[in-house]
Amino acid sequence: MTILKTENLKSFYILDILGIKQSVMAVNDISIEIKENEIYGIAGESGCGKTTLIKTIYGMIEPPLNVMDGRVLYSIDGKLVDIFSLDEEELRRLRWEYVSYIPQGSMSVLNPVTKISDSFWDFIKAHSNYKDKLEIEDSIKEHLNAVGLPLEVLNAYPHQLSGGMRQRVTIALATILKPKIIIADEPSTALDVVAQRAVIQLLKNIQQTQKNTIIIVTHDMGVHANISDRIAMMYAGKIIEEAKTEEIFENPLHPYTKYLIRSLPKIGDKSYKVSVPGSPPSLINPPTGCKFHPRCDSFKPECKKIEPQLIEISKDHKVACLLYSKEMGQ
Amino acid sequence: MKENNELLRIEGLTKVFSLGSVFSRIRIVAVNNVSFGINSPEIFTLAGESGSGKTTVARIILGFIEPTRGSIFYRGNKITNLKDIEARSLFRKEVQAIFQNPFETFNPLRKVNEYLYETCWNFNVSRNRNEIDGIIDEALKAVGLSLEEVRDKYPGEFSGGQLQRISVARALITKPQLLIADEPVSMVDASLRMSIINLFKELKEKNNVSVIYITHDLATAYYVSERIAIMFRGEIVETGPVEKVLMEPKHPYTMLLKESIPEPDPKMKWQESIRLTASEEEEYLRKGCKFAGRCPYVMDICRKEAPGDTVVDGVVVKCYLYASKSEKTIA
Amino acid sequence: MNLLKDLLRDGKFKFGFITLCILLFLVILSFFSPYNPTIWNVVPRDLPPSIKHIFGTNSQGQDIFWQITFAIRNSLIIASIAVLFSRIIAIIIGLVAGYRGGRMDRVLMSINDSFLVLPLFPILILISTLIKGRLSFVSLGLILGVFGWSWDARVIRSQILSLREREFTFTAVLSGSKTLHLVFKEYLPFVIPIIFSTIINNMSWAIGMEITLAILGLSNLEIPTLGTMLHWAISYQAMLLGLWWWLLTPVVISVFLFVSLYLLSVSISEYLDPRTRIQRIGIVKE
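Protein sequences, first through last, are from chains G, U and H. Here my numbering runs 187 ahead of the position in the first sequence, where the first position is 1. Here my numbering runs 945 ahead of the position in the second sequence, where the first position is 1. Here my numbering runs 63 ahead of the position in the third sequence, where the first position is 1.
The shape of chain G in the complex, shown without the other chains (with noise of 0.2 Å):
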């Protein structure tokens, strides 16, 4: 069952420096489908344009970000809405009690000056209609039990607690009204190894709990080895190769993805390892045709010209990549 969709989504950010125009076109046509009850994860360098996915995903569309073109679908009680077509007040309701987000960086999140229980109260008060002071608090302990935070930090301020924990008392605040969606970026990036390992298994256990979905963005292909079950490959603004979590790991289908696994090391391997030949392109002027072209050992005259798109291969694994593209006889 779909629970969120995008229809050839278009979000560019529209810069004028000094009288000169220039446009990211950090979201070029994407058209992906989520379901209930996964864990999606969203894979590429940085500057591909995931964080700007998201936010278009969220609907969190501010100046100089601009959606020029497509449909962002929510299932909202079976029918399919367009999040765009509503206004801000039914947008803000939407918000956190059935979609959640947690932001790059969000250890800054909490209000510094208050402590941890006062932060869950002012947030539950704001989204719901729980009025009796003990149900919240009962909620609020019951809810820090399920994801295995212990209780003594309801009594802390945020800088008392290290950036693993804060992470995760985060993450429990985005999920304690059990949205049916939690959109998180890079949610263990800026923490250490073990600490990160801590908050992609809360990650996991709610979702394990609550049966939602969650959409994970990375640039870190453990953590998606780790948790998500199906993978999208995001390169210059486009959704080049889409699968499950296996099937990417096993058997990557576009050279940019067969680059990447390659190239990750391991302990207990010490084969040689190669990166992926060149550099990011520009968002501003990105190559014509094919984004990859430049740097792909597999590179024939047509794809300079020639947009691939993504399509269904094997099942459930698409790619967008005229290699294959012309073995289905495109």
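Since the hints were derived computationally from the structure, they do not count as laboratory data. Be careful, since some hints might not be right.
Unchecked claim - Calculated pairs, BS3-like style, for lysine-lysine (alpha carbon to alpha carbon, straight line, at most 25 Å): (1) G:Lys391 to U:Lys1212; (2) U:Lys1028 to H:Lys241; (3) G:Lys460 to U:Lys1086; (4) G:Lys197 to G:Lys222; (5) G:Lys367 to G:Lys328; (6) G:Lys457 to U:Lys1149; (7) U:Lys1120 to H:Lys241; (8) H:Lys248 to U:Lys1056; (9) U:Lys1038 to H:Lys241; (10) G:Lys453 to U:Lys1203; (11) G:Lys431 to U:Lys1214; (12) G:Lys457 to U:Lys1151; (13) U:Lys1120 to U:Lys1151; (14) H:Lys241 to U:Lys1056; (15) H:Lys248 to U:Lys1098; (16) H:Lys241 to U:Lys1098; (17) U:Lys1212 to G:Lys502; (18) U:Lys1056 to H:Lys68.
Stated by the list, open to error - DEER-style ranges, computed between Cβ atoms: (19) H:Leu179 to U:Trp1066: 39 to 49 Å; (20) G:Thr189 to U:Glu1147: 46 to 56 Å; (21) G:Asp203 to U:Glu1193: 56 to 66 Å; (22) H:Phe94 to G:Asn472: 47 to 57 Å; (23) U:Phe1048 to G:Gly206: 21 to 31 Å.
No experiment lies behind these values; they were computed from the predicted model shown. From the three backbone atoms N, C-alpha and C, an ideal C-beta is built for every residue, glycine too.
Mind docking chains U and H on chain G? Use the hints.
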């Protein structure tokens, strides 16, 4: 026991930071009695999470911070508290460094090639304009770039990976013997990391340059280095050949680190849960073994007294678990 | 010049620049004045504005238009001296205290803070009362300069303190840079926008101070400046006598001067701000 071609030796290095106000000061022992040696040539990893003290060790070696106690010997000569200007200059020429954040490494308002020129000029590598251009071009070519591509451009015009490579090129101009790389690829995209890591390998194999690779990423450490030291809260808890330490970790912290790495392999997902402490400060100020609060094998003595070094199976460990099994105990 | 073209794109700069140019034109005209500004009764008194006397004449028998050209010139000279003097002190103290730190920093900052908390106004009044008649405008400029550096020295120092911690400082040291070279080549580009915006603020402050002192009758009233013109207009009760042109001229000119300086200051410091400069770097090339 000194080896013939020991390049760098650190002995008993300690650094204490005093934080707080006039009324309540806390002493944080950022680096506690750290000792190790680097051979020539060798790639040695200093691994640990943030707060382990690894960056502080690097800065002390480079002379940016004064140690509270301890000595550093370079090629047998003591360099801590070195007053002689010539000797310092020589040291800078032979020991170079690259840092974590490629976007901060260069002044955003200055052209990148100016740093390359300055390095050439200041260390007397050459004072002839044309020769300098040639030297810089060579250094850039060694990292996969060229003077043409880099000339007259500002840092904002390059990607993180390119900047990091330019940073390495700059460090190589003086033909150093030792390169200290502090988290060189953690801010570089995963798809570009290996090209920089492979550079280190090449440096060691072709140019006999030793590298101290500082990181929290054990996978790249395994790939690139021969020996590794694991740091936790200012102390080295395990040192040894990288195969032994990472494939058969002995210290409980090393075991925890290894388990926590998200393997890029969906078949190897994490199994059990782990505990986290709420306050890092707590761990710093703890008496006895600093890891006692989280250690699944903790014993009474661990909380009372800090363990000494024990040699087991070619690996040096700081843990009571091995104190009895030791081949040799170093107090 | 490219720089000017870039700056002129900003509406604020355009307005400020044009206004300032007009005012500077008036200053140049002062060299062609047919009247000596210190002599009275060279023209009929109290005449309203006409073609012969564009801004009218005052009760001392002087042509207001030509008076104002001298006034602007002298006010700007006093302010420029004050600013030059105070900038030099501020930069030296700020750079040294920021980079050296330790004892030197503490000593310099104590001196700095003492100047900061001095009740400036009473002291200026005291000084002016004591040397009133003999206060040439160079000395006035110097005095204002001596009191105008402390705020900015602190600002510059904090900028240096934060720059010292940035990674490129280490890179520069590893590249063999010596201290002086480091401070000038690496840090100055960051410090310049601050200096620039404070220059213009400082000018406004100095002009304001000069006007205030003059109105209170504490500076050399023989020299025509914006302040002294106002002083004479007020003491001759120009408003009551209906000689509005006498009062209005220096007031309006002062307002234009302040506004144009402000707009220039804001637009230039925005242009020089490292953050916007960095943004511009990639753009112009592509």
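Status of the hints after comparison with the structure:
1. G:Lys391 to U:Lys1212: With a Cα-Cα distance of about 16 Å, the restraint between lysine 391 of chain G and lysine 1212 of chain U holds, given a limit of 25 Å.
2. U:Lys1028 to H:Lys241: holds (16 Å)
3. G:Lys460 to U:Lys1086: holds (20 Å)
4. G:Lys197 to G:Lys222: holds (21 Å)
5. G:Lys367 to G:Lys328: holds (21 Å)
6. G:Lys457 to U:Lys1149: Since the Cα atoms of lysine 457 of chain G and lysine 1149 of chain U sit roughly 16 Å apart, the hinted pair holds (cutoff 25 Å).
7. U:Lys1120 to H:Lys241: With Cα atoms ~20 Å apart, lysine 1120 of chain U and lysine 241 of chain H stay inside 25 Å; holds.
8. H:Lys248 to U:Lys1056: Measuring from Cα to Cα gives roughly 11 Å; hence the hint holds.
9. U:Lys1038 to H:Lys241: Given that 25 Å is the threshold and the Cα spacing comes to 14 Å, the pair holds.
10. G:Lys453 to U:Lys1203: Holds, because 11 Å separates the two Cα atoms, which is no more than 25 Å.
11. G:Lys431 to U:Lys1214: Holds - the C-alpha atoms of lysine 1214 of chain U and lysine 431 of chain G are around 15 Å apart, at most 25 Å.
12. G:Lys457 to U:Lys1151: holds (19 Å)
13. U:Lys1120 to U:Lys1151: holds (12 Å)
14. H:Lys241 to U:Lys1056: The given pair, whose Cα atoms are some 19 Å apart, holds under the 25 Å limit.
15. H:Lys248 to U:Lys1098: holds (17 Å)
16. H:Lys241 to U:Lys1098: Holds, because 24 Å separates the two Cα atoms, which is no more than 25 Å.
17. U:Lys1212 to G:Lys502: Given pair lysine 1212 of chain U, lysine 502 of chain G holds - Cα atoms ~20 Å apart, limit 25 Å.
18. U:Lys1056 to H:Lys68: holds (23 Å)
19. H:Leu179 to U:Trp1066: 39 to 49 Å: holds (42 Å)
20. G:Thr189 to U:Glu1147: 46 to 56 Å: Distance hint for threonine 189 of chain G, glutamate 1147 of chain U holds at roughly 50 Å.
21. G:Asp203 to U:Glu1193: 56 to 66 Å: Because 59 Å falls inside the window, the suggested range holds.
22. H:Phe94 to G:Asn472: 47 to 57 Å: holds (54 Å)
23. U:Phe1048 to G:Gly206: 21 to 31 Å: Given range 21 to 31 Å: holds, Cβ gap about 27 Å.
Going down the numbered hints, you'll see the structure goes against none, and every one checks out.
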